[in-house]
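Go ahead and model the full structure; you've got the sequences and the hints to work with.
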Amino acid sequence: MTGAFRAPALDIRDLRKVYGDGDAEVHALRGIDLLVPHGDYVAVMGASGSGKSTLMNIIGCLDVPTSGRYELDGIAIAELDEQQLSLVRNRKIGFVFQSFNLLSRTTALENVELPLIYGGVKHEERRKRALAALNLVGLSARTDHHPNQLSGGQQQRVAVARALVTSPSLILADEPTGNLDTQSSYEVMALFDQLNAAGRTIVVITHEDDIAAHAKRAIRLVDGLIVEDTRLAAADGLPPRLVRQTAEV
Amino acid sequence: MGVGEVFRFAIRGLRANKLRSGLTTLGILIGVGAVILLIAVGQGSGAAVQARISNLGSNLLTVTREAGGTGRAAASRTGTQSQTSALTVSDASLLANSDEDPDVSLVAPVASTSETGTYEGASSSISQVVGTYPSYLPISDDTLAEGTSFTTAQVNSAAKVVVIGQTVVTNLFGTINPIGQTIQMGGVPYTVIGVLNAKGGASTFNDPDNVAIAPLTTVQDSLTGFGSLTEIAVQASSASSTTAAQAEITNLLIEAHHVTAATEDFTVTNEASLLTTEEGTTETFTVLLAAVAAISLLVGGIGVTNIMLVTVTERTREIGIRKALGAQKSAILGQFLIEAVLLSVIGGALGVLIGVIGSRFKIDGIQPVLVPTSILLAFGVSAFIGLVFGSLPANKAAKLHPIEALRHE
Chain A
1 MTGAFRAPAL DIRDLRKVYG DGDAEVHALR GIDLLVPHGD YVAVMGASGS
51 GKSTLMNIIG CLDVPTSGRY ELDGIAIAEL DEQQLSLVRN RKIGFVFQSF
101 NLLSRTTALE NVELPLIYGG VKHEERRKRA LAALNLVGLS ARTDHHPNQL
151 SGGQQQRVAV ARALVTSPSL ILADEPTGNL DTQSSYEVMA LFDQLNAAGR
201 TIVVITHEDD IAAHAKRAIR LVDGLIVEDT RLAAADGLPP RLVRQTAEV
Chain B
1 MGVGEVFRFA IRGLRANKLR SGLTTLGILI GVGAVILLIA VGQGSGAAVQ
51 ARISNLGSNL LTVTREAGGT GRAAASRTGT QSQTSALTVS DASLLANSDE
101 DPDVSLVAPV ASTSETGTYE GASSSISQVV GTYPSYLPIS DDTLAEGTSF
151 TTAQVNSAAK VVVIGQTVVT NLFGTINPIG QTIQMGGVPY TVIGVLNAKG
201 GASTFNDPDN VAIAPLTTVQ DSLTGFGSLT EIAVQASSAS STTAAQAEIT
251 NLLIEAHHVT AATEDFTVTN EASLLTTEEG TTETFTVLLA AVAAISLLVG
301 GIGVTNIMLV TVTERTREIG IRKALGAQKS AILGQFLIEA VLLSVIGGAL
351 GVLIGVIGSR FKIDGIQPVL VPTSILLAFG VSAFIGLVFG SLPANKAAKL
401 HPIEALRHE
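Protein chains in written order, with the working numbering: chain A, 1 to 249; chain B, 1 to 409.
Source of the hints: derived by calculation from the structure; they are not laboratory data.
Being a predicted model, the structure only gives us computed values, none of them experimental.
We put the CB at the ideal spot given by N, CA and C, even for glycine.
Treat the hints with care, as some may be off.
Pair ranges (Cβ atoms, derived) [to be verified]:
#1 B:LEU19 / A:PRO37: 51 to 61 Å
#2 A:GLY138 / B:GLU404: 31 to 41 Å
#3 A:PRO37 / B:PHE384: 49 to 59 Å
#4 A:ASP33 / B:LEU19: 48 to 58 Å
#5 A:ARG30 / B:GLU404: 22 to 32 Å
#6 A:GLN149 / B:LEU288: 32 to 42 Å
#7 B:PHE384 / A:VAL222: 25 to 35 Å
#8 B:PHE361 / A:GLN84: 57 to 67 Å
#9 B:GLY22 / A:VAL222: 34 to 44 Å
#10 B:ASN17 / A:GLN149: 14 to 24 Å
#11 A:ASP236 / B:LEU19: 56 to 66 Å
#12 B:ALA16 / A:GLU124: 20 to 30 Å
Partial selection, computed: residues in chain A whose CB lies under 10 Å from chain B [what the hints assert, rightly or not]:
#13 ILE93
#14 LEU103
#15 LEU114
Chain A is nowhere near these chain B residues, computed Cβ spacing over 10 Å in every case [stated by the list, open to error]:
#16 GLU120
#17 ASN177
#18 LEU325
#19 LEU392
Here's what the structure looks like:
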């Protein structure tokens, strides 16, 4: 994972985002610098209006910055057109949303297969990988269930399976536990810890300190600027919760 | 990603809202069905007119009397109603014998009336009792099924003989062989010497088989009197020479009646051209029907657009999810376009079915005639409508910004 020639997962330089014109101008991001190596586990914190959603949209290639550089896994995102952006979203990023965002009337397995379909993966290969991902999140027994037949925690785990099925460079989670009870939240965060321990790069947007404590690094945004950047554990080590559990055993 | 996958997404989308998809399909179904059926009805009535033209004998001309010149203009010039000359047998023989009408092949003077015919207590109204010369039969395209026609000698001797049509046979004789029997018309006994073949193509107003044909002299003697002829029937030498024959007859009669073109006291009618006009009317009628049907198809198409716009709005979030997961614009466009095309093509196919089944039944006395090209056209148009009317909503879906789409509740 720490190959000498591998570009960092995220390389953000003086990123700015302005909405509107003239008097109505809103500076959502005022110059963000952020370097995230592969294998890192970053929590982005901030109150609403701090710019964390804007940052998340830009990192997720759903939006483009007004100025500044953004490289994802060595790819300069600002220079891409819409079609290339959707390709990057498909191959390089796995999204986990607060409201799960699974397709209704579609089974768990089909939901997990969806990014592979858009990635052009053949049928058998697709099924194999989707089943493996569902197995990883502990839902092998629920592959044929529709979202409305699953609990919130289970739905979010399907969403996590969908996010990691393409083996993306980055898993981007936006308030992943915002709609979950404590137990389900714990399960989902434990899942993220395991994924990170297995080498996945994860960025979690949250406003809860509890959730941020799972990460190896916590960043706090205020008014479009990073005001705090705390390293909680080494980027190439285990995530802090797993370290503690391991120590306790 | 494959077209097959996009197709599956589209079918799933349609099945998610079966009632709505069904009703939208119904709009196209009615449109396509109406186009096929109404064109078939138009075609059917056209075919009926065609059949009547060929029954008539396409090179038939008739000369009839016209009282008072050619209407108001002539009347006001002379101050009074101009003298009306009768159409006479000598007019007919002039037309038959003159060298100045090479396009006229046969001429028959006609005195006709309607009369009740009776046979042993059975009685029937015969709409056309025709007194004429033997040449009338070939002119009117009548052929004998049984017996013989009368001869010129019988005309000269005013023989009381008659040739009757199939309707008269049915009404008066039923199953009895009419040949040699005697029927009464206007109190005069006529011996039936021949029976005509059925012409068919009957309409409510005009049954060409309800006819009795007898020598001119006999009919004038007993039924119509020796006044003017009802008409002079003329056969042109060929269908293409009817116009020339019409002009020649007009010239000869203007001279014979001592009138001018402005004060003509007769009219030469080209029966075929009359029916051709009627055929033209039928065509206009067909076009009108097709236009009405096309409008209903258009309305159906707008229904597709409407429902697809609703679908796209409803599924904005789904579109956002798909885009976040890396769906290309073309994949979203394809999905919704295929949904729209499927709606209209399924509607189109069912419409073809309804149209074809519907055209097997008589509609308002007209047997519809299916036009294969109308089926292809209607079906093709329905598919095209799906593409055109689906492209607006599909484009809207494809252009949605993923962030806004994801925020949509």
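Consistency of the hints with the structure:
1. B:LEU19 / A:PRO37: 51 to 61 Å: Once the Cβ atoms are compared, 54 Å apart, the range 51 to 61 Å for PRO37 (chain A) and LEU19 (chain B) holds.
2. A:GLY138 / B:GLU404: 31 to 41 Å: 34 Å, holds
3. A:PRO37 / B:PHE384: 49 to 59 Å: 56 Å, holds
4. A:ASP33 / B:LEU19: 48 to 58 Å: 55 Å, holds
5. A:ARG30 / B:GLU404: 22 to 32 Å: Holds, at about 23 Å.
6. A:GLN149 / B:LEU288: 32 to 42 Å: 56 Å, violated
7. B:PHE384 / A:VAL222: 25 to 35 Å: 57 Å, violated
8. B:PHE361 / A:GLN84: 57 to 67 Å: The hint (57 to 67 Å, Cβ to Cβ) holds, given that PHE361 (chain B) and GLN84 (chain A) are roughly 60 Å apart.
9. B:GLY22 / A:VAL222: 34 to 44 Å: 55 Å, violated
10. B:ASN17 / A:GLN149: 14 to 24 Å: At 20 Å between Cβs, range holds.
11. A:ASP236 / B:LEU19: 56 to 66 Å: Since ASP236 (chain A) and LEU19 (chain B) have Cβ atoms about 57 Å apart, the given range 56 to 66 Å holds.
12. B:ALA16 / A:GLU124: 20 to 30 Å: 27 Å, holds
13. ILE93: 8 Å, holds
14. LEU103: The hint holds - LEU103 (chain A) has a Cβ within 10 Å of chain B, the shortest such distance being about 6 Å.
15. LEU114: This hint holds: LEU114 (chain A) lies near chain B, its Cβ roughly 6 Å from the closest one there, short of 10 Å.
16. GLU120: 82 Å, holds
17. ASN177: The claim holds: ASN177 (chain B) sits with its nearest Cβ about 79 Å from chain A, beyond 10 Å.
18. LEU325: 4 Å, violated
19. LEU392: Fine: 20 Å to the nearest Cβ keeps LEU392 (chain B) off the interface.
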